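K.L.:
As they're listed, the protein sequences go chains Y and S. The working numbering puts the first residue of the first sequence at 698, with every later residue one more than the last. The working numbering puts the first residue of the second sequence at 1430, with every later residue one more than the last.
Hint data in this document are derived by calculation from the structure and do not stem from the laboratory. Certain hints may be false.
Unchecked claim - Which chain S residues stay away from chain Y? Per the calculated CB distances, all over 10 Å, these:
no.: 1; residue: 1436
no.: 2; residue: 1455
no.: 3; residue: 1469
no.: 4; residue: 1474
no.: 5; residue: 1482
no.: 6; residue: 1497
no.: 7; residue: 1515
no.: 8; residue: 1519
Unchecked claim - Label pairs and their in silico Cβ distance ranges:
no.: 9; chain 1: S; residue 1: 1497; chain 2: Y; residue 2: 741; range: 38 to 44 Å
no.: 10; chain 1: Y; residue 1: 698; chain 2: S; residue 2: 1497; range: 34 to 40 Å
no.: 11; chain 1: S; residue 1: 1524; chain 2: Y; residue 2: 712; range: 39 to 45 Å
Being a predicted model, the structure only gives us computed values, none of them experimental. Cβ atoms here follow ideal geometry from the backbone N, Cα and C, with glycine treated the same way.
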Amino acid sequence: EEQLVESGGGLVKPGGSLRLSCAGSGFTFKNAWMNWVRQAPGKGLEWVGRIKHNADGGTPDYAAPVKGRFTISRDDSKDTLYLQMNTLQTEDTAVYYCAADPRGNWVGALLYWGRGTLVTVSS
Amino acid sequence: QSVLTQPPSVSGTPGERVTISCSGSSSNIGTNYVYWYQQLPGTAPKLLIYRNNQRPSGVPDRFSGSKSGTSASLAVKGLRSDDEADYYCATWDGGLSGSYVFGSGTKVTVV
């Protein structure tokens, strides 16, 4: 069974940093484009960014609100996705989901999702 | 403010057919596939429709997607109480910086 498990969330002060991890299993992680999506309390879904698989260059793309502050990386030897978040702001408070686009016939579809990890930015 | 516009809420009675609209532009829906996600209360989103109108295995054929020009829609027929959820359209937006964008979301209520 395909599974994604996020970890690393918690309470952080404004201006602080946090690193989230997402461990994948049950599918070919190295072939997937991996995404981060967040959801602020009571709000809708917001795409944070993604990282392509290495065959497509392994490059990341970011949403405008997080560009320059967040960094997405992956370690295919560990089937793990990361989100390094710096200079955190109160508006970054959200549940952060990782989601996998397995490519092939699913190109562009976020087929597998984790349960999310809560990040709270507050003084 | 999302670049994809959805109605905030839609309601229907059991067995009824409801539709959710998703309006975009030439830089997103007009040139890219549309995806639909269902988010049941307190859970992670789930892919419902991909490539405009394809259903992953396990998704009932009561759910169907369509796209025309810069708009898309999700239809749910034979509405059931367990269809109560938030529904989001999504696509790639090839605008200035390029990003995956979600619609504002539609809450479906079964009355």
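K.L.:
Determine for every hint whether it applies to the structure shown.
P.N.:
Going through the hints against the structure:
| no. | hint | result |
| --- | --- | --- |
| 1 | 1436 | 13 Å, holds |
| 2 | 1455 | 18 Å, holds |
| 3 | 1469 | 12 Å, holds |
| 4 | 1474 | 6 Å, violated |
| 5 | 1482 | 12 Å, holds |
| 6 | 1497 | 19 Å, holds |
| 7 | 1515 | 8 Å, violated |
| 8 | 1519 | 8 Å, violated |
| 9 | S/1497 x Y/741: 38 to 44 Å | 24 Å, violated |
| 10 | Y/698 x S/1497: 34 to 40 Å | 36 Å, holds |
| 11 | S/1524 x Y/712: 39 to 45 Å | 30 Å, violated |
Checked against the numbered hints given earlier, this structure breaks hints 4, 7, 8, 9, 11; the rest are met.
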